[in-house]
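Using the sequences and the hints given, assemble the complete structure.
There are 2 protein chains.
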Amino acid sequence: MTELFTVQTPSAAWAIFAEQFHPQVRSERIATTAALGRVLAEPLQSPQDLPDFKRATVDGYAVAALDTYGATPGLPAFLKVAGEVPMGEAAGFAIGPGEAALVHTGGMLPPGADAVVMIETTQQAGISAVEVFQPVAEGQGVVQIGEDIRRGEAVLAPGHRLRAQDIGGLLALGITEIGAAVAPVVGILSTGDEVVPPHQPLRPGQVRDVNSYTLAALATEAGGRAVCYGIFPDHRETLARAARRAWQECDLVVFSAGSSVSYRDMTAAVIDELGKPGVLVHGVSVKPGKPTLLAVCDGKAVFGLPGNPVSAMVIFDLFVLPALSALLGADRPRPSTVQARVARNIASDTGRVDFVQVRLEQRAGEWWAVPVLGRSNLIYTLVNAEGVFQISLDSTGIQAGEWVTVALYGGRGGPPGR
Amino acid sequence: MTELFTVQTPSAAWAIFAEQFHPQVRSERIATTAALGRVLAEPLQSPQDLPDFKRATVDGYAVAALDTYGATPGLPAFLKVAGEVPMGEAAGFAIGPGEAALVHTGGMLPPGADAVVMIETTQQAGISAVEVFQPVAEGQGVVQIGEDIRRGEAVLAPGHRLRAQDIGGLLALGITEIGAAVAPVVGILSTGDEVVPPHQPLRPGQVRDVNSYTLAALATEAGGRAVCYGIFPDHRETLARAARRAWQECDLVVFSAGSSVSYRDMTAAVIDELGKPGVLVHGVSVKPGKPTLLAVCDGKAVFGLPGNPVSAMVIFDLFVLPALSALLGADRPRPSTVQARVARNIASDTGRVDFVQVRLEQRAGEWWAVPVLGRSNLIYTLVNAEGVFQISLDSTGIQAGEWVTVALYGGRGGPPGR
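From first to last, the protein sequence lines are chains A and B. Okay, so the first sequence: first residue is 46 according to the working numbering, each after it adds one. Okay, so the second sequence: first residue is 46 according to the working numbering, each after it adds one.
Just so you know, these hints were derived from the structure itself, not from any lab. Here the structure is a predicted model, which is why all the values come from computation and not from measurement. Glycine included, C-beta positions come from ideal geometry on N, C-alpha and C.
A few chain B positions that, by computed beta-carbon distances, are all more than 12 Å from chain A: (1) E73; (2) R281; (3) E318; (4) G396; (5) G442; (6) Q444.
Where chain A lies over chain B, by a calculated footprint (3+ residues, C-beta under 8 Å): (7) 94-100; (8) 122-134; (9) 208-216; (10) 226-240; (11) 250-259; (12) 351-360; (13) 412-424.
Rendered as structure tokens:
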């Protein structure tokens, strides 16, 4: 079967997969204070005007702007002080023509007032009067009712990943609970007779499981909940049993395939048995990452990822990440990127998208992308990389000095800005 | 006191603060599998060569390269097959001159072999011999011992924030536990007679606490653990008592100051009582964010942040975030940025750094930064923003069409790339 597979371009592969994958977003009620990074799963309208009263933006006197027109230091407006508005309370009194009320920043304007004169442009005149040296326009020194957000206005759209300020924005409206997308459960199965758990001492010829945990961390970062099902030897019935269990318990299943052809064939056969239509794509025209399986089995997304760590990460980003975003009903997380110049010539074949791992160096105020030397089967190729850029399908390569868009890996890398 | 304060530039303010702030990084042992996003607090050297045996990178025959020199389809090299190397095991036999061993991708080369010929360039010849149609060079088809990382080599440096691939890299070496920086505890106190908890119904003149939770989320995102101490009215002894408790229990304390002058004065006085040297900076030349207090009290960092939500976030990024990074011993997290053109003219005063909240729009393949209209005292100014850019101290403004570096807010925004 491996010999027969038709390699698809990344976009064609995704289109074939997406046509069969139509996940339902599941929602749960969570506290807004615990919603950082979660995906909103319901439309939200503002239940109120914010603010719901006219607020002073300065310390000073609430006035009718009309009463200050023409005021100058030489000819101040003379206003009677009707009282002071305590913070956090309604005024309890209105001001009439020729009157003012002492207010503090954030305080409520009394009825009759439509502006606030800053205290710096006034002078007390006796016990209960004030001189105003500068005119104010209507609305000056005031946040209007609904100026922050109006009652009934859309607050945030479903699919939005909540940031720190969004939590503040929701709580400002008294929205203390929201419907958030349930974290999709991502089942990860590793295969390979040579692969052992990381805590186990190595015998000659053995290697430790790297991909399970890297993929689990990537799934977590993307908003999923990862479950590692362990490492399975070259025994089809054992793998098939574990695959069935993972498929039942999880929303999405990822096989970290053994690197030999026999493993890839076995993985494809096991996936095909999980449900219809089964494996949709055998092989994608990317480097690294060609030996990739995309499948939908009775509605659930199943992926066979290459065994090479670098390939596995490239394919995760290309296909598993958008599938997870679909399960979350989320806008696909936009990566952080930086424009950089490539430090040396890199050849590429047309008909294939190349992913180049890079470090970033600043030279004379510009960012340069320095390709990380190291094969795609070495985990430290990834550890030493700060990001990755693509050489497109129709390109024969990149010349040193050309500008590329580097997608940065989480946590590090990228130019200092904020 | 407020009238007397000397406003500092952001860099001068940080220098004054940093001279007094010398935190100790505390470390704890954690499982590597749970270390995503944590900061490494110890130097790590590789305990082994990785791989620690010569691995085949293809399915084929392990050979001595010398034995294949000159081989062609017309005149193949004829080699005796000494055996098959099982996956995950040592060969158990060596190959001699004129011999080959069947190996699988990821398998161990037997002694005597220094290259692997791909199975596609061979043909079985009887039961225990093979014809090789192409020569291989020494090392071809092989990952050398230590090619991924060498024994004793530095794995990752202290201060590194662990990404998905770093977890894989550590586990590949059997490093299942690491020393990670303890999450600094960030105490947050809110002040204001008008401020009430988000779940409480509002009476006229009251507003809900927004900043405590926004700041808590920002602290969490930066790797801290946030503790909200509540909302304190305009009563100095009550605030002083809560401040003392927060200062004792936390590694860093943030006051979300009431917006009126009297609150700022009270906060400054309360901070000064916590320890020496106390308040170091009263006011920073940024817009928004001027009324800011930076303090060190007996070794602990204490900040008085402006009450306006936008100002509070700007000041958090400028000062609290780097202080948190110092507590973690971490490289300051680099933000994701995007180059964009400013959509309209923006005036600025020299002697002040302006922070402009923006949305991003793509126009003709370029990113444009569209300033968010809305005052700094409105939380939805931040909710509607995808990022922020700076207008420098010595600039009188930005012309429409000029390029700026926009620092993106987490979770959303920025150009699709990866």
